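Novice: Chain by chain, the residues:
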Amino acid sequence: MSDRTFSRFYRCGALLAVSLLALTGCGRAPTEVVVYSSRNEQLIKPMFDRYTEETGQAIRFVTDDAGPLIERLNAEGKNSPADILLTVDAGQLWQAAERGLLRPIESETMSTNIPEHLRDPESRWFGLSVRARTIVYSTERVKPEELSSYEDLAGERWRGRLCLRTSKSVYNQSLVAMMIAAHGEEKTEEIVRGWVANLATEPFANDTRLMEAIVAGQCDVGIVNTYYFGRLTRDNPDHPIKLFWAELAGEGVHVNVSGAGVTAASPHPEEAQKFLEWLSQPEAQSMFADANLEYPANPNVAPDPLVASWGTFRASPLNVAKAGELQPAAVRLMDRAGFR
Amino acid sequence: MWLELIDVVRTFGTRSAVNGLSFELERGAIGCLLGPSGCGKTTALRCIAGFESIDGGTIRAQGTVLAQRDRSLAPERRHIGMVFQDLALFPHLTVQQNIAFGLARLPRGECTRRVDELLEVVGLADRRAQYPHQLSGGEQQRVALARALAPKPDIVLLDEPFSSLDVELRERLSIEVRSVLKQLGATALLVTHDQQEAFAVADVVGVMRDGKLEQWAAPYDLYHRPGSRFVADFIGQGVFLLGDVVSPNAVQTEVGLVQMNGGDEMRPGQRVDLLLRPDDVVHDDSSTLTAEICARAFRGAEFLYTLKLPSGARLLSLVPSHHDHAIGEHIGIRIEPDHVVAFPRA
Amino acid sequence: MSAIAAELRRPRSRGATNVRSLLLLVLLCLPALVPLFVVLMAVLTPEVEIWSHLARYVLPGVAANTLVLVFGVSAGAAVLGTSLAWLTSMCEFPGRRFFEWALLLPLAMPGYVLAFIAVGFLDYTGPLQTWLRELFGSSSWLPPIRSTGGVILVLTFSLYPYVYLLARGAFLTQGRRAQEAARTLGLTAAQALWRVVLPMARPWIVAGTALVAMETLADFGTVAVFNYDTFTTAIYRAWFGMFSVNAALELAAVLLVLVIIAFALERRSRASLRYATARDLTRQTPRIELRSARAGVASACAAVVFALGFLLPVAQLIVWSFARAARDLDARYFDFILHSVVLASSAALIIAGASLLVAYLERQHGSGPFKGLVRIATMGYAVPGTVLAVGILVPIIGLNNVLQQWLSSWLGDAAPSLLLQGTLVTVLLAYFARFLAVGFNPIESGLNRITTTIDEAAMTLGVAGGALLRRVHVPLLRTSLASAAILVFVDVMKEMPITLIARPFGWDTLAVRVFEMTSEGEWERAALPALAIVLVGLIPAAMLTRRGEHVA
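Chains as they are written, first to last, in the numbering used here: chain A, 187 to 526; chain B, 100 to 445; chain C, 695 to 1246.
These aren't lab readings, by the way, just hints derived from the structure by calculation. Heads up, a few of these hints could be off.
Stated by the list, open to error - Here are the simulated distance ranges between beta carbons: (1) C:954 / A:494: 51 to 59 Å; (2) C:754 / A:286: 49 to 57 Å; (3) B:211 / C:960: 43 to 51 Å; (4) C:1024 / A:494: 25 to 33 Å; (5) C:1012 / A:236: 30 to 38 Å; (6) B:271 / C:724: 55 to 63 Å.
Please read these numbers as outputs of a predicted model, since none were measured by experiment. We put the beta carbon where it would ideally sit given N, CA and C, even for glycine.
All chains should be built: construct the whole structure from the sequences, respecting the hints.
Specialist: So this is what it looks like as structure tokens:
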């Protein structure tokens, strides 16, 4: 390399450094609402765009897993630019609230629109859509009469016929946490051990694979979130599997929420609260839930027609906050029971 | 003095590689540090170049201190050129670029002139655009020399520069190198373990042993007037013969009375080891003194005979090759010392 | 003579230069050391209760799993990478010129994508087993893909290019000559390979394998697809499942310490060896001509690896992309690609440049403790990305908050609000901490090959420091520098956790796009951005091999 090409190399480097600095631009417009979201971009952006269109309120957001987002929020402290934390499970919201990262909201609208068991008892966060986790079964090898509850899947007759997703999935963690809330640890551990003993194959990395395994005949029953079932049905309406509305402790289907809260350090708490209130309104609720075939948290809003076609179910009335509180215990329990 | 080393010490852990080395080199002179491997000569060279710091003493060039115990000028600022044992040519540069490497600060025209001059001197003008790997060993050697000389260094150091070449090339190149150095008026210091090389190239040679200089002298003097038994042993061939000093300049030995001409006078009655070079022992059929041939080496023009005296002591004798004698034969010899050297028996 | 002498000789004490160089070295390593320090600090506040649970139920299993995985993948990648590198650089067989380049391509394929495709294709529900069941009625005799063997296989195929790339450089610069020399000493070709060629290439093979081992340790995406439990999954479980980021950091710290010890031992085992060549770095001798059957086998092996590691997965990605492209492909993809390329190429430049400087300073002045420091600074690559991201973010946010406070107390309400944590500078700093090893390892190995007399020769000619680096080392290290830059480029293209947490608002890259799709399990929709990652990653890979042939 000659000296001249080398100095060109230096110049390029300098140019790059300058342009990077230019892109670094600190701060932001003073009235923007900032959302930290673990719900992915394509499910939230249409909502933000609509809101901006309707109200003129600009919204910026960052997506990531809830874990890093909460650590970031925590480290940022009172200088955090975030106004809203949006997650896809109640456990993370519970944890954020527990660490003092969310602030309570006094809002008539929210309390009216969102049922009590789908929001924080201290009003620091609110469920915005419901994710039901229930039993899926092969219509070829299982009669719906044989099915009853999650607990029942631990029974002898499901030996070698059950498929489960990994216990690393937060949805299984919250399901087991709710079982602990209902039955206590000892009985729950017994049930989980029963599940593990009944497994037809190693736990799956996701619900879609699990359902495909039932279709292919590797196993007969499994537990999935309904929107995965919805996606599968949308792509291939003729599959031989169906949902069964399972009972948790005889009280209804286990549900989790995708929800949000206003951060404790929020620079624009009022704007943030307004946005949350807007999200709890019927029109936004439809958009929010339908984008991912979930159930609206607002009971007065009908779900997507495809979702409605699976029939109605009774949701477990336990407050979803319990899922967060008992999640660490649930994880340990599953470790002990050998549920991978 | 152009280059001056005063009591230079360099230790590695507890071992001292250079241990009180002192010598001086005049401008335009070619010096050489000669010694067996491990004697510290290469370390000394690296201290001068600045790759090793020194633990004691002073190294000066043109009166400027290059290195002292706590001070060391960076190698790149010493203005000392070096030819490495492995040559260390830059494989990514052509012959021309290699030679011009140290001339970056010169104006372009001057740089080109200097490179041309050196290419001419080392006879590689037609190879200028080639890469090192396209050259023969001897040519690479010459490039390395030209590269070291190009920036007109105060001193050029040569570290065993011919060690990777075959014998014939080595002889030819050593003469060539000397002529190049002299032609450019360079001051140089060579390090080698090969005395032929040292004698062929250097004006003044220092024999090193255990990090010290045993003797610093012209090749002729080293050979004929070795300052110590070690030097006498290391330089050239020869044997020691036991003798008794009978007068300040005569020694009685098994092969008769040997007269000393010059040199230090000795105390009569002292026992000494007398150094006899092969050329001191002359074949003479008419001599009454005879010895048995126990080994011979043919060297073209001469035979080198190893002779056994009646006492069992050995002598070496260099004899014109038309005197072809077989092993076991007794031949007449005469001792004809030019410079006889004797060391007191310990 | 003395006119030039006077001009060139400017007295400067060597000790001062030394101190300055070492300061620079430490400064360069600092961004990589700080996050590791943050991770290690977690040990000061141990989560005793969680640890006792982990020790009893989790750690024994994941420790064994992790060891098996790391050794399996390292061995697999070392063998596969070295043999392919040997074949393409030392031998001549049909298709050699194509494979030389093509075998590098799996590098561009993110491991988690390969894993998802492999599991999708080979699991019970996949087309292969379905077909076998239709044919024979059962497919249970096929070894399951979701197993230890399966995950090792997939990681090996996705990571072997690290070894391939570095070993190839070593063979190209030295292999054929060494082989010839050995043959003249009466060794057979096979003996020459084992006794001369491989030992001489060891630092490069080790450097590549070390990258593979570190990447395997830190991997979450690939093992998650297999639901294979490792130290890293345990870290994530403690954090996301048990809500204890502290326990996660502690686990990472333990992992880090073990890795440092392992690498220290490896270094020591070859501490006394030197790998420099004296001369003739560029002399080339002809390749071994493989004939008939052997040539066929060589081509076939290369073709199989290429097909499994690249061709088939890409074909699958293309099929999925086509199904979704109409809905997902929009103008924003220009931005995604632009953002990815800007980040990846800046990171490649910065990290390769810094690595060169660090390696050079270490070579010139590094003594024991500094070498150790540099070694530790490269360990960020063995730490799970998300954990490292927190390790970087926490100090940056701390700095941000201090600056903010200072600004506010100075300017009052007029103070602009700072957001260092959401800037490209932070992203690049974090990449530096994460990928220093990727840049440093190839360059350090390359520098090993240059004899110190080359440096000394330059110094006696008045060329030292930056000029020595620029005029001698950079040209001699072109292959190593290019390898380093390309590895970093491709790694950054695939990187998720750091980009996610530290990117400025709206600065979405292709990898972020993959995350958006996969976070809700929409793997098929992730095919489009994944394919784009692969395609963009191809460009530098292609550039590398085209240059590599001519370079020392």
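Novice: Does each hint hold? Answer for all of them.
Specialist: Consistency of the hints with the structure:
no.: 1; hint: C:954 / A:494: 51 to 59 Å; result: 57 Å, holds
no.: 2; hint: C:754 / A:286: 49 to 57 Å; result: 36 Å, violated
no.: 3; hint: B:211 / C:960: 43 to 51 Å; result: 50 Å, holds
no.: 4; hint: C:1024 / A:494: 25 to 33 Å; result: 30 Å, holds
no.: 5; hint: C:1012 / A:236: 30 to 38 Å; result: 34 Å, holds
no.: 6; hint: B:271 / C:724: 55 to 63 Å; result: 56 Å, holds
Of the hints listed earlier, the one the structure fails to meet is number 2.
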